[in-house]
Amino acid sequence: MGFIPNKLSDLPAGAAFEGGHPTTHTGNWRIFKPVLNKDKCRNCLLCWIFCPEAVIKKGSDNVEITYDFCKGCGICANECPTKAIEMVKEG
Amino acid sequence: MGKREFINGNNAVAYGVKLARAEIVAAYPITPQTKIVEQISEFISNGEMNAEFIKVESEHTAMSACYAASCTGARTFTATSSQGLLYMFEMMQFTSGQRRPVVMANVNRAISPPWTIWLDHQDSISTRDAGWIQIYVESAQEALDTTIQCFKVAENKEVLTPVMICLDAFVLSHTEELVDIPEQAEIDRFLPPFEPDYKVDVNRPLTIAAGTAPNLYMEFRFTQQQGMLKAINLWKKADEEFGRLVGRSYGGVVENYKCSDADVILVTMGSLSSTAKDVVDSLREQGTRAGLAKLRLYRPFPEKEIFDALKSAKAIGVVDRSLSFGFEGSVFSDVKAALYNNNCCIPGVNFIVGLGGRDVTADDLKKMYDKLQYIQKNGKAEQTVEFIGLRWSE
Ligand code: SF4
Ligand code: SF4
Chain R
9 MGFIPNKLSD LPAGAAFEGG HPTTHTGNWR IFKPVLNKDK CRNCLLCWIF
59 CPEAVIKKGS DNVEITYDFC KGCGICANEC PTKAIEMVKE G
Chain F
147 MGKREFINGN NAVAYGVKLA RAEIVAAYPI TPQTKIVEQI SEFISNGEMN
197 AEFIKVESEH TAMSACYAAS CTGARTFTAT SSQGLLYMFE MMQFTSGQRR
247 PVVMANVNRA ISPPWTIWLD HQDSISTRDA GWIQIYVESA QEALDTTIQC
297 FKVAENKEVL TPVMICLDAF VLSHTEELVD IPEQAEIDRF LPPFEPDYKV
347 DVNRPLTIAA GTAPNLYMEF RFTQQQGMLK AINLWKKADE EFGRLVGRSY
397 GGVVENYKCS DADVILVTMG SLSSTAKDVV DSLREQGTRA GLAKLRLYRP
447 FPEKEIFDAL KSAKAIGVVD RSLSFGFEGS VFSDVKAALY NNNCCIPGVN
497 FIVGLGGRDV TADDLKKMYD KLQYIQKNGK AEQTVEFIGL RWSE
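Protein sequences appear in the order of chains R and F. The first sequence begins at 9 in the working numbering and counts up one residue at a time. The second sequence begins at 147 in the working numbering and counts up one residue at a time.
Read the hints as simulated data drawn from the structure, not as lab findings. The beta-carbon is built from N, C-alpha and C at its ideal position, and this holds for glycine as well. The reader is advised that the hints may include incorrect statements.
Dumping the calculated DSSO-like pairs for lysine-lysine here, alpha-carbon to alpha-carbon at most 30 Å [claimed, not checked]:
hint	chain 1	residue 1	chain 2	residue 2
1	F	LYS382	F	LYS149
2	F	LYS345	R	LYS65
3	R	LYS15	F	LYS303
4	R	LYS15	F	LYS376
5	R	LYS79	R	LYS65
6	R	LYS15	F	LYS345
7	F	LYS517	F	LYS423
8	F	LYS345	R	LYS66
Just so you have them, the derived chain R footprint on chain F, three or more residues with Cβ under 8 Å [as the list claims (entries may be wrong)]:
hint	region
9	240-251
10	357-368
The following label-pair restraints were derived from C-beta to C-beta distances [unchecked claim]:
hint	chain 1	residue 1	chain 2	residue 2	range
11	F	ALA359	R	GLU98	18 to 26 Å
12	R	LEU16	F	GLU151	44 to 52 Å
13	R	TYR75	F	VAL346	29 to 37 Å
14	R	LYS66	F	ASN379	47 to 55 Å
15	R	ASN36	F	LEU391	53 to 61 Å
16	R	LEU16	F	PRO339	25 to 33 Å
17	R	TYR75	F	GLY193	57 to 65 Å
18	F	ASP326	R	ALA62	53 to 61 Å
19	R	ASN70	F	GLY193	55 to 63 Å
20	R	VAL43	F	ASN379	51 to 59 Å
21	F	GLU198	R	ASN70	44 to 52 Å
22	F	GLY503	R	LEU16	39 to 47 Å
23	F	VAL346	R	LYS66	21 to 29 Å
24	F	LYS303	R	ALA62	26 to 34 Å
Make the full structure from the sequences, and use the hints.
Put into structure tokens, the structure is as follows:
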């Protein structure tokens with residue numbers, strides 16, 4: 009997920025990237041990190057829908073949060089009906 | 147061999163667009179361009195051309211529609227003039243920045259106020275840095291042939307840059323001349339269908355004109371510059387290939403008219419070049435070694451080619467049909483920069499001519515060559531920027 013080019017020839021002609029394309033690692037903007045408790049997750053996908061960076065992935069039993077582009081906004085934790093996501097201060 | 151018709155420059159461009167098999171045309175009418183898109187919509191309505199004509203409420207929207215159409219992978223064309231071009235300025239940058247090879251005809255008309263519809267180059271020169279290739283033509287025939295060349299260069303995968311073909315208001319747009327219309331089969335051999343590597347596609351969703359942080363923006367601009375610069379050689383190749391297949395070519399990016407042994411050389415763009423060639427011929431009959439460098443490609447600027455054309459001259463004059471207020475004509479600045487970059491310092495003078503449609507005559511051009519001969523003798527010009535044909539200067 010996301011597109012981080014490493015050399016000039018990685019760049020397309022004109023900034024056109026695969027849909028949902030972050031091009032800057034925004035993961036290091038984070039102060040609080042969303043941590044998922046899989047046991048509490050009912051796989052309702054509310055967090056998946058609400059995550060503004062589209063970094064939450066679907067799974068068969070529960071969702072999974074990926075961190076390269078998660079900016080730590082906490083929307084997922086706020087929306088989760090079972091309080092399966094806890095915002096933990098980055099160390 | 148195709149057919150021969152007595153048509154004006156606007157019709158000639160429309161024929162070029164038809165032969166290039168453009169698929170989308172979005173445009174808003176403005177004098178003196180209107181006849182181009184009128185003719186195209188006629189071609190479409192009578193079934194001669196298989197394209198979609200998008201009627202819009204402004205030039206800004208025309209360019210937005212062209213940009214979007216090109217993102218879907220369609221071969222796209224529009225035309226405008228003057229105020230209309232300026233109104234497109236924002237979307238022109240989307241088209242070039244996103245590397246969409248839209249082709250546009252700009253019928254050069256002066257900018258208002260004072261209100262005017264007549265010829266000068268202030269409109270296209272004002273959009274010089276919008277990332278578009280600009281090419282200027284001398285005749286209706288060259289307008290037709292160059293329109294087709296525009297698609298060829300714009301769509302080259304190494305270039306992917308939109309192109310503006312500039313033709314002079316009225317002198318070209320509304321003046322009939324005999325024009326050879328090539329056969330469709332000849333043009334199909336020259337110009338293959340447009341097949342971009344990426345386009346709007348439901349099966350491969352893309353974010354187009356994506357945001358970038360400072361970590362990537364500059365690299366995109368750098369690749370845009372690389373693409374643009376490649377257009378110089380590719381245009382020369384396209385012009386040669388067009389010559390082989392269709393039988394006409396235009397000297398690549400700078401037409402060198404009797405420059406090789408010339409002492410005094412003028413640089414011109416557009417229709418004025420024809421009058422200047424006549425003047426060169428008559429001066430040569432009288433023993434003056436005069437030459438003309440006709441600048442076709444203005445952006446990217448063919449600095450090597452212009453230097454090659456001018457290098458042996460004793461004095462040069464650059465004819466500008468526009469003005470960078472507070473300095474001089476932009477073509478003059480660019481030609482001087484090209485010479486400087488090639489360690490060359492020929493004395494030169496800038497002639498500002500024909501603003502707002504004022505006629506530029508053979509006599510005017512003759513006076514310019516006289517001035518160059520004076521500079522040749524005296525080693526320098528009395529003044530660098532001279533207005534030609536000005537009724538009062540004080
Ligand atoms: S903290 Fe924000 S960005 Fe990170 S996963 Fe949750 S909603 Fe998405
Ligand atoms: S909102 Fe909570 S329960 Fe629903 S999928 Fe996300 S983490 Fe699981």
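Three or more residues of the region 240-251 of chain F near chain R by CB distance under 8 Å? holds (count 4)
Has the hinted range 39 to 47 Å been met by the Cβ atoms of GLY503 of chain F and LEU16 of chain R? Roughly 46 Å apart at Cβ, these two residues keep to the hinted range, so it holds.
Satisfaction of the hinted span 47 to 55 Å by the C-beta atoms belonging to LYS66 of chain R and ASN379 of chain F: At roughly 50 Å between Cβ atoms, ASN379 of chain F and LYS66 of chain R fall inside 47 to 55 Å, so the hint holds.
Check the hint pairing LYS15 of chain R with LYS345 of chain F against an upper bound of 30 Å on the C-alpha distance. holds, 23 Å
Given the hint that LYS15 of chain R pairs with LYS303 of chain F, does the C-alpha gap stay at or below 30 Å? Satisfied, since the Cα-Cα distance of roughly 19 Å is no more than 30 Å.
Would the pair LYS382 of chain F and LYS149 of chain F pass a check requiring their Cα atoms to be no farther apart than 30 Å? The given pair, whose Cα atoms are some 26 Å apart, holds under the 30 Å limit.
Cβ-Cβ distance between TYR75 of chain R and GLY193 of chain F: within 57 to 65 Å? About 58 Å separates the Cβ atoms of TYR75 of chain R and GLY193 of chain F, which means 57 to 65 Å holds.
Holds or violated: LYS517 of chain F to LYS423 of chain F, with C-alpha atoms at most 30 Å apart: holds, 17 Å
Holds or violated: LYS345 of chain F to LYS65 of chain R, with C-alpha atoms at most 30 Å apart: Holds: LYS345 of chain F and LYS65 of chain R sit about 26 Å apart, inside 30 Å.
Taking 21 to 29 Å as the stated bounds, is the beta-carbon spacing between VAL346 of chain F and LYS66 of chain R within them? holds, 25 Å
Need the status of pair LYS79 of chain R, LYS65 of chain R: alpha-carbon distance at most 30 Å? Distance ~15 Å between LYS79 of chain R and LYS65 of chain R Cα, so the pair holds.
Given coverage of the region 357-368 of chain F by chain R, tested with a Cβ cutoff of 8 Å and a minimum of 3 residues: holds (count 8)
Violated hints for the displayed structure: none, as all numbered hints are satisfied.
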